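Starting from the known structure of chain A, fit chains Y, D, F and P onto it as the hints suggest.
Just so you know, the sequences run in chain order A, Y, D, F and P.
All residue numbers for the first sequence refer to numbering that gives the first Met the number 0, where the first residue is 0 and numbers rise by one.
All residue numbers for the second sequence refer to numbering that gives the first Met the number 0, where the first residue is 0 and numbers rise by one.
All residue numbers for the third sequence refer to numbering that gives the first Met the number 0, where the first residue is 0 and numbers rise by one.
All residue numbers for the fourth sequence refer to numbering that gives the first Met the number 0, where the first residue is 0 and numbers rise by one.
All residue numbers for the fifth sequence refer to numbering that gives the first Met the number 0, where the first residue is 0 and numbers rise by one.
All clues stand as given, with none of them false.
Identical copies carry no separate label here, and so any pair may be met within one copy or between two of them.
Using 16 Å as the maximum straight-line C-alpha spacing, the simulated EDC-like pairs for lysine to aspartate or glutamate come out as follows:
1) Lys22 / Asp83
2) Lys28 / Asp38
3) Lys22 / Glu52
4) Lys14 / Asp68
5) Lys14 / Asp83
6) Lys14 / Asp71
7) Lys22 / Asp84
Keep in mind that the hints were calculated from the coordinates and are not lab data.
Bear in mind the structure is a predicted one, so any value in this text is a computation, not a measurement.
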Amino acid sequence: MILGRVIGEIHGSIKHPFYEGKKLLVIEKTSPTGVATGDYLIAADSVGAGADERVLVLDEGNGARQVFDSKDGPVRAVVVGIIDDIVT
Amino acid sequence: MILGRVIGEIHGSIKHPFYEGKKLLVIEKTSPTGVATGDYLIAADSVGAGADERVLVLDEGNGARQVFDSKDGPVRAVVVGIIDDIVT
Amino acid sequence: MILGRVIGEIHGSIKHPFYEGKKLLVIEKTSPTGVATGDYLIAADSVGAGADERVLVLDEGNGARQVFDSKDGPVRAVVVGIIDDIVT
Amino acid sequence: MILGRVIGEIHGSIKHPFYEGKKLLVIEKTSPTGVATGDYLIAADSVGAGADERVLVLDEGNGARQVFDSKDGPVRAVVVGIIDDIVT
Amino acid sequence: MILGRVIGEIHGSIKHPFYEGKKLLVIEKTSPTGVATGDYLIAADSVGAGADERVLVLDEGNGARQVFDSKDGPVRAVVVGIIDDIVT
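So here's chain A without its partners, still in its complex pose:
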């Protein structure tokens, strides 16, 4: 899993019924201290994450489908948590 920050939301025509009513977020990947790495990924939201929030992202299809109780959703990445703090 990785850490990131919500920087946008995708609007478009994604026909698969899995995506009806789901938000697709643009997630900027960050270091553990919150510095942007320059990379990003697109993840479905499962926790109501909003702009600029730091999030935990699961980037693995079988687990992502389980979060949505879906056997056949075409999804690979999902926001599974909102980060409050990282204790070092």
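Just chains Y, D, F and P, lined up with the frame of chain A:
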């Protein structure tokens, strides 16, 4: 999932019956703002994406097979949507 | 699998019941000789790994779920061992 | 999926019965225009690809096993097609 | 799959019963001509590979588990062969 742009289509002898009638697109990976990253991948089309369109690509085999209702298709990446806008 | 070092623990609101009572560790990836590579990942703990310990991390969803006897846990990476020594 | 070029074949003792009678090819990864990227992978052949041919490679285990009608083959990458042309 | 060279063996407390009696090898990734790339991975041994031997590594969990006849082993990478020669 990642964002990209359609830059070509593959012609060749791909014998597996899964690929009969399917388009294999060359997708240039892009940043969220649409800048090419220099990397690419090959993805099967599921939405009728055309040249230069910005697309959402799922790069995960089990989900990609589900998009085509296939249990055994040798496919890993599929174009699942066309991007209209990214709201930041 | 990869080698890493525990450098932190995540606190946040991760709603999925899979994560109740589980520690989510920040793992700095290292070379075989223990030098940080500059990359990291987030992994669930299965062995009681503590700060600064060198660990073996499995970064694969299906195997990670098995470690926790879970069919549907949204997890991809898990700390599976503590490293004592690497014999070369 | 990715594009590559056949640059060699592996000879060695690979004991698993899945590999009996199969060719293991060294595939140089290329850009869509055929320029070597400097990276490579090892893939099982399913189409009779020969030296220097441009090929389409599926790098995903479950799909790769299906190409060989194998439930348990220890394989991740397979050459699934020979490229004639890329229309841009 | 990738090519590598055995450069070490891990000693540590890995509690999962899957690892009882198995060797965990440190594999330096190499180019097809045997030059170290600077990266590595940890793989379970299935062929009796020894120090400095050039090996073929499968880095995919479901296939790796099959090599060990395990449904639930927490393993992602396995040494599946010893390389004698690469014919180019």
